[in-house]
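Number of protein chains: 2
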Amino acid sequence: MNLPEILLLGPGPSPVPPEVLSAQAAPLLGHLDPAFLSLMEGIQADLRTALATANPLTLPISGTGSAGMEACLVNLVEHGDRVVIGVNGVFGKRMAEIGRRAGGEVVEVEVPFGRPLDLEEMQHAIDDGPTRIVGFVHAETSTGVLQPLDDLLGRIKEAGALSVVDCVTSFCGAPIQLDALGIDCLYSGTQKCLSVPPGLAPVSFGPRAMAKVAERASPCPSWYLDLSLLGSYWGSERVYHHTAPIAALYGLATGLGLVLAEGLEARWQRHTKIGNAFWQGLTALGLEPAVEAGLRTPMLTSIRVPDGVDELNVRKRLRDVYQIEIGGGLGEWKGRVWRVGLMGHGARMSSVVRVLSALADALNVEGKSVSASEAIAEAERAFGD
Amino acid sequence: MNLPEILLLGPGPSPVPPEVLSAQAAPLLGHLDPAFLSLMEGIQADLRTALATANPLTLPISGTGSAGMEACLVNLVEHGDRVVIGVNGVFGKRMAEIGRRAGGEVVEVEVPFGRPLDLEEMQHAIDDGPTRIVGFVHAETSTGVLQPLDDLLGRIKEAGALSVVDCVTSFCGAPIQLDALGIDCLYSGTQKCLSVPPGLAPVSFGPRAMAKVAERASPCPSWYLDLSLLGSYWGSERVYHHTAPIAALYGLATGLGLVLAEGLEARWQRHTKIGNAFWQGLTALGLEPAVEAGLRTPMLTSIRVPDGVDELNVRKRLRDVYQIEIGGGLGEWKGRVWRVGLMGHGARMSSVVRVLSALADALNVEGKSVSASEAIAEAERAFGD
Chain R
1 MNLPEILLLG PGPSPVPPEV LSAQAAPLLG HLDPAFLSLM EGIQADLRTA
51 LATANPLTLP ISGTGSAGME ACLVNLVEHG DRVVIGVNGV FGKRMAEIGR
101 RAGGEVVEVE VPFGRPLDLE EMQHAIDDGP TRIVGFVHAE TSTGVLQPLD
151 DLLGRIKEAG ALSVVDCVTS FCGAPIQLDA LGIDCLYSGT QKCLSVPPGL
201 APVSFGPRAM AKVAERASPC PSWYLDLSLL GSYWGSERVY HHTAPIAALY
251 GLATGLGLVL AEGLEARWQR HTKIGNAFWQ GLTALGLEPA VEAGLRTPML
301 TSIRVPDGVD ELNVRKRLRD VYQIEIGGGL GEWKGRVWRV GLMGHGARMS
351 SVVRVLSALA DALNVEGKSV SASEAIAEAE RAFGD
Chain L
1 MNLPEILLLG PGPSPVPPEV LSAQAAPLLG HLDPAFLSLM EGIQADLRTA
51 LATANPLTLP ISGTGSAGME ACLVNLVEHG DRVVIGVNGV FGKRMAEIGR
101 RAGGEVVEVE VPFGRPLDLE EMQHAIDDGP TRIVGFVHAE TSTGVLQPLD
151 DLLGRIKEAG ALSVVDCVTS FCGAPIQLDA LGIDCLYSGT QKCLSVPPGL
201 APVSFGPRAM AKVAERASPC PSWYLDLSLL GSYWGSERVY HHTAPIAALY
251 GLATGLGLVL AEGLEARWQR HTKIGNAFWQ GLTALGLEPA VEAGLRTPML
301 TSIRVPDGVD ELNVRKRLRD VYQIEIGGGL GEWKGRVWRV GLMGHGARMS
351 SVVRVLSALA DALNVEGKSV SASEAIAEAE RAFGD
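These protein sequences, in sequence, are chains R and L.
Residue numbering for the first sequence follows my numbering, starting at 1 and increasing by one per position.
Residue numbering for the second sequence follows my numbering, starting at 1 and increasing by one per position.
Think about it this way: if two alpha-carbon atoms lie no more than 30 Å apart in a straight line, the pair counts; the simulated BS3-like pairs of lysine-lysine are:
| # | chain 1 | residue 1 | chain 2 | residue 2 |
| --- | --- | --- | --- | --- |
| 1 | R | Lys157 | R | Lys93 |
| 2 | L | Lys334 | L | Lys93 |
| 3 | R | Lys93 | R | Lys316 |
| 4 | R | Lys212 | L | Lys93 |
| 5 | L | Lys368 | L | Lys273 |
| 6 | L | Lys212 | R | Lys93 |
Think of the hints as simulated: they come from the structure by calculation, not from any bench.
Use the sequences and the hints to build the structure in full.
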């Protein structure tokens, strides 16, 4: 392997701290070794702390964030269940698709990319039948919209439905008080604000979600993702299910340790502050976030591609000349936005400075006339405030 | 993390070479970075070489070996398909369970633990209806039986059914000539004779299996494991599906490189030779393999626990005094056998010597009177032949 060193400022994976990288290189223990079982317990305890939950069933699924999404839906949805999914980007669409494959009668409540869900439309769809499950995305990775949680979760609870929340991009970067909010079921990924390589998907199931799993008439269609089997392996019984991805779990344990050592509040604030600084710099470059302030995630910003600028050329220049990865648009925003992630270990002023100055250069190559130093000065001013 | 260093001689994971461990600590690339896409292509090419196949759809599933099992079955099995599964251990049972959850009409053809499948019984079950899929395990990890492939695969083909073969424990340790044998669908894991940490599951689908996937009336019930979507991500289109487990794939690329540098023939012979040497040492200790010679896998040996010996005490002594992990029995062999794996990086004389001498000490503690040095001498004699 002879790999270039790239600063990862796309929609994920984010840069991984050296402590996590080297933890993944530790010699393996057996997956049923007592020392490894202790490490698993530590991971569960740290996940509960990071999510502010007491849910016993809080564990990392042995797959990527999408496996976490699938795990939540295939365990909760039974054939014919009415499932309402809020769709304001690619990942809401994916929830709907997985819900249908799981046998659900899925109702999609769609709004345009860049908008948060419409609460009245959601309410209407939820009330329009005996709705069992309502899914939506907290931080839409395809747009960078941060969905306000309180009101929507309250309506779902009031309707007697179960909430499933995608926290892939928000976990460890924005507040998620699972128990206080009354979220029934949540999944995340490791490669965003947690800054651990992709490959694991933390999930948490609350008591009402567990009750639905326990009352299933037919077994979960997936054996690999069956929560009742996973719970027996991760629980005190330690019933062998599959061989856990040991090296990846070393990385997760270390990454969670770093998050808790920094402190959750401090980490959330860091993301907010760095996101703000970046936005000020963007404005100075004449660039415009595609999501309005107040609805925007601090950790992931979609930027409108200005008229006359070649979207792909800019990304290629950043990658090849400056060794910086940023993302392109997905779905209906393909070719229309760049996505810049300032997540986890990458949420720092050195990233902001590097990406602003590279963007400035790329825009100048594209015929714009912008000043890197002004943009950096604006970002630094905002950061200092 | 403050982890003990344990020699992994159980049923997996096996010890991981330092090159693979350090590859996993390399800084991440983005999952759509051109350099990462090249690495993915290299992995696919090396997997094809290691399996002696030209199947385009040869790739690592982003999950453990059991996810590979599930991927093969949920893509191939449609509701109502007749599925015959040969069961001679825990992993055959698991195939049957997953086949049922996928909607198959599963017929289990069972023989006792420690026996290979009965070809006449398999033939009878296959002929007893329009059988679409026949699944079985090449090297049963719960017993250490190596199923002869040729005759059984011929019968499956003749009946017009598709074969699904579990090669989790045999891959890179025993010959698998996928195309020459005419296997339709195969899955494996990384943590056995390949000596890469658990977390990925190489699979390969041949033309007849791909045709069945393409002709499905309903989509694959799993979105995460949907071969048509995975094929578009790993294929030339590079359509984003999920974020690949990048660090784990660095490990896999490096591990496959080591296998091919050693040479497949040489690696298979090493496993045979080391397994033989170990068996000679066991005999000298008065221990008896639970599977008869000729049916036994060289990489994993089940050993009968002698009368009057506490199975668990011996394993604990090996773990705590000698820092060696061996496995206990599963299913109907729970408490009745030990399972010793000499797999991949662990298939070497130093492992044989360490485990024989530790077993000798543990047996003496249990009141037997055996000689470590005699056992080691026997193993070395067999190795030298």
